[in-house]
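Novice: The sequence shown begins at 1 in the working numbering and counts up one residue at a time.
Heads up, some of the hints might be wrong.
[What the hints assert, rightly or not] What follows is a set of in silico ranges between Cβ atoms, one per label pair, in the way DEER data are often shown:
1. Ser6 x Pro173: 29 to 39 Å
2. Val139 x Leu98: 29 to 39 Å
3. Ser6 x Pro83: 20 to 30 Å
4. Arg47 x Leu147: 24 to 34 Å
5. Trp21 x Arg114: 41 to 51 Å
6. Pro83 x Thr121: 16 to 26 Å
7. Glu169 x Arg47: 35 to 45 Å
In case anyone wonders, no lab produced these hints; they're calculated from the structure.
Glycine is no exception: its CB is placed at the ideal position from the N, C-alpha and C atoms.
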Amino acid sequence: GAYAASKERAEEVVKRSDLPWTILRPAEVYGGTGSDQILSLAADLRRRQVIPILGDGSYKLSPVLADDVVEALLYAIEFTPIPNKTYVLAGPEEFTYLEIVEVLETLQDLPHRRQVRIPITLAKVLIRGLAMLGIGRFVPDQVPRLLLEKSSDSSAAAVDLQFKPTRFEDALPLLLQRGMAPPTEN
């Protein structure tokens, strides 16, 4: 989509410059203060009995805690790692979307929710229409990004940036206790 293309163009501009650069590519970030798809899904699971699943739900995600991304960024700024290198910042585990739903249900002591599969083509049309109306939290570019196969290899970041991502199952209960997840609607 346009968002991914703009990021790619920006990276190319940076790489062509004469300045030393470091590019950080975080995976799906959760636990920050902005829009958070993972914690929004946790809230959806608490308030809904039926959950929509785009496609078959087999696409892979490696959620990374916002605090871990910030630590890597601060390290990169303070200690200037090897110049002109790109680092993937991903969580230590890779999950399918369906596995994330299951983990979120388990961590919140919720019964298994009924899942309704939405064909990708239909999802793209629905999300585009809802976005035009200003409804919903998804934007059309999110569907192709979600389905795109992404690297989850953070080994270079572990060495050069001292990147030690928190396990999803360890971070999420703390975030839920601190009230980081959006509230349920009653």
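Novice: Taking the hints in turn, state whether each one holds.
Specialist: Hint check results:
Taken as a hint, the range 29 to 39 Å holds for the pair serine 6 and proline 173, whose Cβ atoms sit roughly 36 Å apart. A hinted range of 29 to 39 Å for the beta carbons of valine 139 and leucine 98 is inconsistent with their spacing of about 22 Å. Range check, serine 6 to proline 83: Cβ separation about 24 Å, and the 20 to 30 Å hint holds. Taking 24 to 34 Å as the suggested C-beta distance range, the pair arginine 47 and leucine 147 conforms, at roughly 26 Å.
For tryptophan 21 paired with arginine 114, a C-beta distance near 47 Å keeps the hint of 41 to 51 Å intact. For the pair proline 83 and threonine 121, the beta carbons lie near 43 Å from each other, so the given range of 16 to 26 Å is not met. Checked against the hint of 35 to 45 Å, the C-beta distance between glutamate 169 and arginine 47 comes to roughly 22 Å, which is inconsistent with it.
In the structure shown, a violation is registered for the earlier hints numbered 2, 6, 7, in ascending order.
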